[in-house]
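Go ahead and model the full structure; you've got the sequences and the hints to work with.
From first to last, the protein sequence lines stand for chains A and B. All residue numbers for the first sequence refer to our numbering, where the first residue is 1 and numbers rise by one. All residue numbers for the second sequence refer to our numbering, where the first residue is 1001 and numbers rise by one.
Be a bit skeptical, because a hint or two may be false.
[Stated by the list, open to error] Taking lysine-lysine and the BS3-like style, the derived pairs with C-alpha atoms no more than 30 Å apart in a straight line are:
hint: 1; chain 1: A; residue 1: 68; chain 2: B; residue 2: 1203
hint: 2; chain 1: A; residue 1: 202; chain 2: A; residue 2: 266
hint: 3; chain 1: A; residue 1: 266; chain 2: A; residue 2: 226
hint: 4; chain 1: B; residue 1: 1351; chain 2: A; residue 2: 57
hint: 5; chain 1: A; residue 1: 138; chain 2: A; residue 2: 258
hint: 6; chain 1: A; residue 1: 68; chain 2: B; residue 2: 1351
No lab work stands behind these hints: they were computed from the structure.
Residues per chain, in single letters:
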Amino acid sequence: MKLFIPNMLANADAGFWFPPQGSTVAEHSDSVYFFILYVCTFFFVLIVSLMVLFMVKYRHRPGVEAEKTSTHNLTLELSWSVIPTLLTIVMFWVGFTGYIDMRTPPSDSYDINVIAKKWSWAFQYPNGWIESELHIPKGENVTLTMASDDVIHSLWVPAFRTKMDVVPGRYTQEWFKATRAGEYPLMCAEYCGQKHSNMISKVVVHETRGDFDKWLQQASDIHKNKSPVEAGEYFYKSRGCIQCHSLDGTPKNGPTFKGLFGSERKFADGSTGVADKNYIRQSILEPQSQVVAGFRPIMPTFKGQLTDQDITAIIAFIEAQK
Amino acid sequence: MATVVDSSDPKSNFPIQYRELNYLNCSSGWKSWFFTLDHKRIGIMYLIGVTCSFFLGGLFAVLLRTELLSPDRVLMGPDSYNQMFTLHGAIMTFLVIIPGVPAAIGNIILPVMLGAKDVAFPRMNLGSFYLWMFGAAFFLAAIVLGGLDTGWTFYTPYSVTTSTAVITALLGVFILGFSSIFTGLNFIVTIHTMRPPGMTWFKMPLFLWALYATALIQILATPVLGITGLLLIVERAFHIGIFDPALGGDPVLFQHFFWFYSHPAVYVMILPAMGVVSEVIAVHSRKHIFGYRFIAYSSIAIAMFGFLVWGHHMFVSGQSRVVAVIFSAITFSVSIPSAIKVFNWLTTMYKGSIRFTTAMCYGLAFIFIFSIGGLTGLFLATLATDVHLHDTYFVVAHFHYVMMGSSLVGLFAAVHHWWPKISGKMFSEFWGRIACLGVFLGFNLTFFPQFLLGTRGMPRRYYTYLEEFQGLHIMSTCGAYLLGLSSALMAGVLIYSVYRGKKAPANPWGGASLEWQCSSPPPHNNFDHPPLAGDPYIMESVVYNEEIGGYVPVECQGDNKQSVTASGDKEA
Chain A
1 MKLFIPNMLA
11 NADAGFWFPP
21 QGSTVAEHSD
31 SVYFFILYVC
41 TFFFVLIVSL
51 MVLFMVKYRH
61 RPGVEAEKTS
71 THNLTLELSW
81 SVIPTLLTIV
91 MFWVGFTGYI
101 DMRTPPSDSY
111 DINVIAKKWS
121 WAFQYPNGWI
131 ESELHIPKGE
141 NVTLTMASDD
151 VIHSLWVPAF
161 RTKMDVVPGR
171 YTQEWFKATR
181 AGEYPLMCAE
191 YCGQKHSNMI
201 SKVVVHETRG
211 DFDKWLQQAS
221 DIHKNKSPVE
231 AGEYFYKSRG
241 CIQCHSLDGT
251 PKNGPTFKGL
261 FGSERKFADG
271 STGVADKNYI
281 RQSILEPQSQ
291 VVAGFRPIMP
301 TFKGQLTDQD
311 ITAIIAFIEA
321 QK
Chain B
1001 MATVVDSSDP
1011 KSNFPIQYRE
1021 LNYLNCSSGW
1031 KSWFFTLDHK
1041 RIGIMYLIGV
1051 TCSFFLGGLF
1061 AVLLRTELLS
1071 PDRVLMGPDS
1081 YNQMFTLHGA
1091 IMTFLVIIPG
1101 VPAAIGNIIL
1111 PVMLGAKDVA
1121 FPRMNLGSFY
1131 LWMFGAAFFL
1141 AAIVLGGLDT
1151 GWTFYTPYSV
1161 TTSTAVITAL
1171 LGVFILGFSS
1181 IFTGLNFIVT
1191 IHTMRPPGMT
1201 WFKMPLFLWA
1211 LYATALIQIL
1221 ATPVLGITGL
1231 LLIVERAFHI
1241 GIFDPALGGD
1251 PVLFQHFFWF
1261 YSHPAVYVMI
1271 LPAMGVVSEV
1281 IAVHSRKHIF
1291 GYRFIAYSSI
1301 AIAMFGFLVW
1311 GHHMFVSGQS
1321 RVVAVIFSAI
1331 TFSVSIPSAI
1341 KVFNWLTTMY
1351 KGSIRFTTAM
1361 CYGLAFIFIF
1371 SIGGLTGLFL
1381 ATLATDVHLH
1391 DTYFVVAHFH
1401 YVMMGSSLVG
1411 LFAAVHHWWP
1421 KISGKMFSEF
1431 WGRIACLGVF
1441 LGFNLTFFPQ
1451 FLLGTRGMPR
1461 RYYTYLEEFQ
1471 GLHIMSTCGA
1481 YLLGLSSALM
1491 AGVLIYSVYR
1501 GKKAPANPWG
1511 GASLEWQCSS
1521 PPPHNNFDHP
1531 PLAGDPYIME
1541 SVVYNEEIGG
1551 YVPVECQGDN
1561 KQSVTASGDK
1571 EA
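Take a look at the structure:
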């Protein structure tokens, strides 16, 4: 029965405590963790065994009173103040050195821009291509420069042991060097509202730089190797539209795309209009200008993030949702 | 000559008017409660309020855990889930743990322990209770007016943009802050001015030291919370641009303000519980507390260091690396006085005569749970590991071990330790210990798996999760059910004792501090004249008297020495 057994090894490489180590800083982070764990386990076992020993040995027995013992002992008290102090200094030091490595992006790194918004990630590669999954080559320093469109998010890849908040109004950075190819979960760790827990994506680590470059070239060639409807579907999924716009007729945070094209729209200000190509284009670029009645004005703008060719593809995709 | 302890003893020389009347029955009618200036009655009203809030917050917790049985929808959608975890956190923090030990237990016990008639400002005391009620009402209003979904931390800019009842809840926090400040102020003045003859600072029971340190934090830190709350209200209402980056504000500034209060507030929650445990371990081991001065100083040290470490909540917030390093270094300084206390409690038990009363069981559970809670704090103070663990279930587990496991178990210990004094009745030790065992097992089953969830990659505040985490979530939820049932059992045992319990003697456990010298429950004015205070931990100054079923001072025992060592305990 699966239910009551904690799934110890969800991933074949995972240990009892951690998912597999996927980056260069993970090894250090884990070794610091285990150092503290051993120190803590020692003290915890010491405390609890003394407690249990005293509980058994000095439990109340009829006719036996407590023995009067010294009420203080300076040597003893100083030693249990000084020894933990020294240990915490060591802990601080090992944590400090690892942290400085984690927070100092190397100068020779591959730069990817990140935009976090409710509730999706957009990773922008040096050639301008934007994707909702993070693809990186193995063995190369990668620096993420991150910005948020709305509230605070936090980019976390458990396998890499790094995390950094994405704060609106400023850029934050995070870097790593992946040590093994594969796919790892990437998630938002700072509470950001209704679909916080759906803001999960993945990191795909390619075996070589060549594999990665090949992937990037193919992916960014989307208008060449896909039909407009296929390309539109791709943007629908990769750029976060899917979070709020359904294809099956159910309204989510935004209206469904099913049967949307060419239909009559009623807006929050009372006016009406037909959902034609220009309407859709404007809704993507200036979402607050025509909010459909019954929905909150929460859609972010995609101005500067989608080309006209991209928007044309999206329109073709919406048009196809009969 | 100290006064004779038990008013029910017909041979006692206790003034006759105090033999029958106590603070519970000296007057009646709702006015005698709602307008009372008696610190004990005010404390009882706090205790009732805190208990109701605890079960409301606990109900939310059980619903949340039920939802997390599966990554799919079980009971509610994400919106309700987000509101529920916010209210669970906010209610438990602001309405249960912060006022729990200081305002409820402290109010009842502090003046009696000081041998005083009342606190220094009884009217202010009643006022702070009504402020608390008023603040709590705003929280209930927030639940009705569209909920609150910001998390109890109210992080901007989310809290500025959400459509839920943020302003109502913040007004509640603001008002509760005043209640907390008034209580702290009252305690400080009471301790400074109303100690009885013979009670020097270093003859003060350690619970009072803990309350004193707590009160210092309350009056110094709470105003910052109040102002932060007001700034956030202004920001939401008028969009000034203090915290909103779109208007030139800084969202990280809010975090600095917020944690400047909320980190010291953690010590408002834990210090009084540590004070309780110092009393409970000493009394129920029948031993003088070990290293009195170190424990007293460590309370003050924790209160002081607690102000210097707030930035450790923000290691991944985008604050500068230098700041993070400094805060990490200072954070470790808090762990040392905490460690000192644990070792002192253990040494106090050495060569004692340990009685496993319910209060002592909670005290021992506290040491176990607090050790885990305190030690896991080291992983979060260390920069390299905190980056991975921040905002995960590891943090959730850590602060529940400290706040729920330690602060609340400390409150449970306090309630059981002083219940005979408060209610005048003895509760069933058997059922009390069963409930304690349930709380202990349920608690660990709930929160220990969460450490694993956190290290393995489960972020906090998630409505749904990756399937690989389901096993651990189910374990945790089962623990929560056990914890909930055991807490209800505990409340049932205590309430039952009020109606059916045996009458309590003045000093059922053999404590040497002053509160055990007046009858149980105490008379309206506690003492007719300030008692003479000595060392509060000389347990040899009281001996067991079988006739009374409790302890009496040695000098009143006379020639009846044969019953001195007899035991009234039934446990094996």
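Results of checking the hints against the structure:
With a CA separation close to 19 Å, the supplied pair residue 68 of chain A and residue 1203 of chain B stays within the 30 Å bound. Of the pairs offered as hints, the one joining residue 202 of chain A and residue 266 of chain A is violated, with about 38 Å between alpha carbons and a cut-off of 30 Å exceeded. With a CA separation close to 34 Å, the supplied pair residue 266 of chain A and residue 226 of chain A exceeds the 30 Å bound. For the given pair, residue 1351 of chain B sits about 8 Å from residue 57 of chain A by alpha-carbon distance, which is consistent with the 30 Å threshold.
As the CA atoms of residue 138 of chain A and residue 258 of chain A are separated by approximately 41 Å, the hinted pair breaks the 30 Å bound. As the CA atoms of residue 68 of chain A and residue 1351 of chain B are separated by approximately 8 Å, the hinted pair is consistent with the 30 Å bound.
In summary, the numbered hints that this structure violates are 2, 3, 5.
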